[in-house]
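Chemist: Letter by letter, the chains look like this.
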Amino acid sequence: MHELSVALGIVKIAEKAVENIHFERITKIELQIGTLSGIELDSLNFVWDSAVKDTVLEKSIKQIEVVKAKGKCVDCDTAFDMEHIYDSCPKCHSNFKGILKGKELRVKAIEFI
Amino acid sequence: MCGTCGCGSDQKGPIISKPGEHQHPIDAHHHHHHDAEHAHEHSHEHIHESDHEHQHNHQHKVLEIEQDILQNNQMLAARNRGYFEAKNIFVLNLVSSPGSGKTSILERTLADLKDTISFYVIEGDQQTLNDANRIDALNIPVVQINTGKGCHLESDMVFNALKKLDPKNNSILMIENVGNLVCPSMFDLGESKRVVIISTTEGEDKPIKYPDMFYTSDICIINKIDLLPYVNCNINHIKKYALQVNPNLVFFEVSATKGTGMDDWYKWLVANK
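These protein sequence lines map, in sequence, to chains A and B.
Going by the numbering used here, the first sequence opens with residue 1, and the numbers climb by one from there.
Going by the numbering used here, the second sequence opens with residue 1, and the numbers climb by one from there.
No wet-lab data here; the hints were simulated from the structure.
Glycine included, each C-beta is placed from N, C-alpha and C at the ideal position.
It cannot be assumed that every hint is accurate.
[As the list claims (entries may be wrong)] Quick look at which bits of chain B chain A covers, simulated, 3 or more residues with Cβ under 8 Å:
| hint | segment |
| --- | --- |
| 1 | 122-132 |
| 2 | 217-224 |
[What the hints assert, rightly or not] Below, a sample of chain A positions facing chain B; criterion: calculated Cβ distance under 8 Å:
| hint | residue |
| --- | --- |
| 3 | 9 |
| 4 | 70 |
| 5 | 108 |
| 6 | 109 |
| 7 | 111 |
Construct the complete structure from the given sequences, taking the supplied hints into account.
Modeler: Listed below in structure tokens is the structure:
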């Protein structure tokens, strides 16, 4: 259940970000999570409430932008959509690829009043 | 309730201890138990007496952050890595599911090579000093990290364990992670190489069932090959699946209890250290 560590990491980032600004409430936190990031969104949602309890994010809306994974074959340069990290090139079936997108695990922005 | 693990215990963060020593919880971990220090009065309540449009006159402001969530762990891992490089310490992060033989491989390796290489060990488990005691019995300096309910080691725990372990230059540090094929994959500890261990009793398709761990590892040790006649397992299938996830994996086939195949592993260890 590393999603809880991740959720707490998000809280830490938010707390640090608002340290020196005057705010009444963080209304929204925007996250970017890739489909190959290793995070189960269901698990993250499950732990979210207990992770943000009594923190600056307690009453914030969590907005997640899911980034669909894309890879590029090292052998034939084909760019392709990836569902799993072990997907091979649909054209030449090589397992050597670079992951272009899908590993994101980022806090994009927060919105506050 | 404890935020990291959802536990109800009072244990604050991981406990780092040497065999034979009283266990102290350390507070350096991310277990923020947010107590009295900053009680947020969320007094942002609107009482609307009339039936006017619910219009906030607050201005919503946006703060761009653009920060990796695991950045903190990665920064501390980089700090560990710098420490290891400066002291020329070769560090292996041993990961696997529980029971695949991490400790047995470690014990055998230490027993066979300890006269030629100086070893240090960090043991990660949720509970008990059992593994550290097994290593301690070989007269190898060892520190145990008990993560409590935590499912993986993080770089700050290793950093704190290092202060206690104080490894010498030109040595090899073995970090035995918590037995778990999922969570530790996301947490860089600052290691030189990550070694994933899979045993022949586990099922051939483990690498694609738990691909992240195999994707992030450099070495794959297939253990318990002495049991091959008794289990329904084809090593070539394990390798095929593992290479599908990570074509750069280097394999060793061993039996830690019988000693089979350990020489190739030792050669690699000596050559890469």
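Chemist: Against this structure, judge whether each hint is valid.
Modeler: To see whether the hints hold, each was checked on the structure:
1. 122-132: Coverage by chain A is violated for the segment 122-132 of chain B (0 residues, Cβ < 8 Å).
2. 217-224: violated (count 0)
3. 9: 5 Å, holds
4. 70: 16 Å, violated
5. 108: At about 6 Å, which falls below the 8 Å cut-off, the nearest Cβ of chain B leaves the hint on residue 108 of chain A intact, so it holds.
6. 109: Where the cut-off is 8 Å and the nearest Cβ of chain B is about 5 Å from residue 109 of chain A, the hint holds.
7. 111: 5 Å, holds
Consistency note: the structure conflicts with the earlier hints numbered 1, 2, 4.
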